[in-house]
Amino acid sequence: MEIPVSVIAGLLKAEVKGDPNTIVSGFGGINEAKPGDITFLNVEKYVPSLMTTKAAAVLVRASLKIPENCPPALIIVPDPQLALQELLSQIAPPKVEFAPGVHPTAIVAPSAVLGKNVSVQPYAVIEEGATIGDNCVIGAFCYVGHFTEIGNDSFLYPHVTIRERIKIGERVTIHPGTVIGADGFGYLEINGRREKVPQIGNVSIGDDVEIGANTCIDRARLDTTIVKRGAKIDNLVQVAHNCEIGEDSVLCGCSAMSGSTKIGNRVILAGQAGLNGHISICDDVIIGGQCGVTKDINNPGFYIGSPATPHITYKKRESVVVKLPQILKELHDLEKEVAALKEELAKEKEKK
Amino acid sequence: MEIPVSVIAGLLKAEVKGDPNTIVSGFGGINEAKPGDITFLNVEKYVPSLMTTKAAAVLVRASLKIPENCPPALIIVPDPQLALQELLSQIAPPKVEFAPGVHPTAIVAPSAVLGKNVSVQPYAVIEEGATIGDNCVIGAFCYVGHFTEIGNDSFLYPHVTIRERIKIGERVTIHPGTVIGADGFGYLEINGRREKVPQIGNVSIGDDVEIGANTCIDRARLDTTIVKRGAKIDNLVQVAHNCEIGEDSVLCGCSAMSGSTKIGNRVILAGQAGLNGHISICDDVIIGGQCGVTKDINNPGFYIGSPATPHITYKKRESVVVKLPQILKELHDLEKEVAALKEELAKEKEKK
Amino acid sequence: MEIPVSVIAGLLKAEVKGDPNTIVSGFGGINEAKPGDITFLNVEKYVPSLMTTKAAAVLVRASLKIPENCPPALIIVPDPQLALQELLSQIAPPKVEFAPGVHPTAIVAPSAVLGKNVSVQPYAVIEEGATIGDNCVIGAFCYVGHFTEIGNDSFLYPHVTIRERIKIGERVTIHPGTVIGADGFGYLEINGRREKVPQIGNVSIGDDVEIGANTCIDRARLDTTIVKRGAKIDNLVQVAHNCEIGEDSVLCGCSAMSGSTKIGNRVILAGQAGLNGHISICDDVIIGGQCGVTKDINNPGFYIGSPATPHITYKKRESVVVKLPQILKELHDLEKEVAALKEELAKEKEKK
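Chains as they are written, first to last, in this note's numbering: chain A, 228 to 579; chain B, 228 to 579; chain C, 228 to 579.
Note that these hints are calculated values from the structure, not bench results.
It is possible that part of the hints are untrue.
Where chains are identical, the list cannot tell them apart; a pair therefore holds if satisfied intra-copy or between any two copies.
As a list, the in silico EDC-like pairs of lysine to aspartate or glutamate whose alpha-carbon atoms are at most 20 angstroms apart [unchecked claim]:
#1 K522 <-> E355
#2 K343 <-> E397
#3 K522 <-> E571
#4 K550 <-> E422
#5 K281 <-> E416
#6 K556 <-> D510
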């Protein structure tokens, strides 16, 4: 996409300050934007970011007082977020809609309860006692297990499997191939063999959670694996039995939580990060890519490495690691110098 | 779940030694149990563990001689394992049952052979020449390929794909979304492009194997990818072509084996561990989380790090790594000291 | 498989030079072959490899001049590649064929267009406006979204999900459970919560691409996630929104690319390698297993470690890391020696 600011302003019927020929080719948050991005400025707090953002253009709330001569082109609108949604809806291809109604090939158990305006797509299977809230879309080939409850306005893409007795909140989106409520991975060693520990718990997914494709969230042994409101989980993520994920936390692609581990609110696990079992991470922690967390983390901050280490400590240590061949040479040089000194001193003593 | 020992004893009609008001909230093996867990004691060998276990309560075999005053509450039963199963079945919600019979929407090829009491759920597809043993459950949307054989009492959850000519043993459980027998990943470079190497082998899964959700076990190029009796494989695990997994081995979530690698019996791969191709690991090895194994391992033990290193060696080395900034300072201090000494000695020599 | 060279020669009606009783049990490229492998020699450039290959037997192009007494048995054929394919087709079990035609349970939207000889297997769903090229196989339970286009001779195994407006090239193979075109993972933080960034772009997969099982390739935010001609992607791989993968590149199992990252042509990502977002890697780079790439790579070569480091540099550094406990001891010994020297020198000075 390459679209001039003048065209965007035209679509939004908005005034421009700055160069209307600026080309927009993407978007991002005001502090993360890359050159060419459009972003938006909603609240006074971020006004200073206008001078530092790399964004090419900013949708600015008309009520804000803004400095002169800020680098990006500004598009003045009453509500920047609404404007962004409107802009995208105008440039987006028409959205695929799934009309309400149960496709004749879907199999909905007689005791299942569907809310208003539910769309059940071809070959979906909804088992006995399941409850689907209003306005939900149950995609093709989805499997909704016995007594599972899905809240209003939730959307299951094709090939989602949700086993029995799971609770899914409202406005939850689940992408294709994801499995919720498979058995936790637990065995007891008995006479050298592994006997399965029954996994009789369940899973609870809060409101406004989004879960990517081919992700797995296992049911608890006895209790409940919990994903709280607003958490966002990417593709190919492993959430083991009895885990707990706090509100607004983010689990990036291929990250993994072992059994019974808990993370607080607003925690971010970057890609391929891994967490040991039975540990807990407090609110507002960022775990870097491929980081391996082996112990509790009780202080907010940014942790990297395997095992996880505060970012500054790790960087300091790594700055020495990269110099190790040089350091070893220094040590050996020094050893030679000391040997020479020793010899010299011995000679001095002999002289006398 | 929070349940007093007295209630458990009541359910099992068993005698209690110790505090009947002890609350049980989970379970685990006698040496791994956490506070609040119930565990069990089956054989004499583990009697000393009664004094050290963290478990809150123990189901003890009545025939064992046990010490006085061991910390957990004891529930005396004829067969502790049976008692545990019974206990769980009493506190568990009713199990979802899939009645024998072929759902009218399932497509079973005329030449496929189904054993007794097989349940074929909606929209399952069973191809020509496939054989399904007695008492199997083939979940909704499962695909069982041509000439594939599944042993008695096996259970496929929804959306499992098993391609052609695969052998699955008895009492095998496969969780949703798992793919068995996809082509191995092999190409020959010819004139700068990669030409596919035909993958004409198959996969053999032994008895009592359990395989988690969204896991992949590829078919061999020519021979057989082998998973032996009793192996347990978690979610999102990658087992490449021609791998071999020994008996009772355990592959935790997101672990990965590259092509033609073999692991022995009772090997454990912790989460996100990765094994190079064409290597072999002997019996009774534990590979830690995120560990990367690049070479054969011929000695039992616990290995961590990337590349994999015996645990003790790695810990010793890491204890120095964390001190590197301090060590570098020491080295530089020493360099200064040596320089000062040198100067001093030179002065001494001059004096004479 | 264990097959004597004489039998292979018989199948191919070819002449043997060397021991016809040599046993062949696998195959590989001429420089990567293991003992027991058969390989092939197509062009003059690789003739010297005949003396060094570990292969047991080589299919050699008749027109090449070859040295005397090379170790492997040689099978002389007009076209070694064709011979290899023929050999495999002769020893392979009969291939599973999916006859052209639309299975009566498949749901093909009226506006979808199917080419000649297309096979649509049971329970496949093809949505409005989709286009399927000639000779394609659409496996059981596949979902082909609205307006998605699939080129000629492509093959979708069961349970593949391709969402709307995706372009798939010719001769593309996609293994079971893979998801193409799920939403990219992007949120804006607004008032402490994460608001979804609409993902209105798409995905373009080039000709001759192969994609393994349970892999995810997300759609772009606005533009196109691109996988170019001839790229090969293994199982459980994560390709995030707006990524670009060059021609003939190889992504091994469990590797992962974060959003907006680009890799050039003939790049190899080994197993579990991970790439940060918004970086780019030039042509002809090999990224080792579990390697974490945090910055652009602008020079071809082999990189390992996390963060990614040129192979030689990393090995050199690691050779010091493994000696750290010894080095620390040396440093402390030296400190003692210096202290002793200092004392000695002081005594010397006192003497005078």
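For each hint, the structure was consulted:
no.	hint	result
1	K522 <-> E355	neither (42 angstroms within a copy, 51 angstroms between copies)
2	K343 <-> E397	within (14 angstroms within a copy, 43 angstroms between copies)
3	K522 <-> E571	neither (52 angstroms within a copy, 48 angstroms between copies)
4	K550 <-> E422	neither (50 angstroms within a copy, 43 angstroms between copies)
5	K281 <-> E416	between (57 angstroms within a copy, 17 angstroms between copies)
6	K556 <-> D510	neither (44 angstroms within a copy, 35 angstroms between copies)
Of the numbered hints given earlier, the model fails hints 1, 3, 4 and 6; all others are met.
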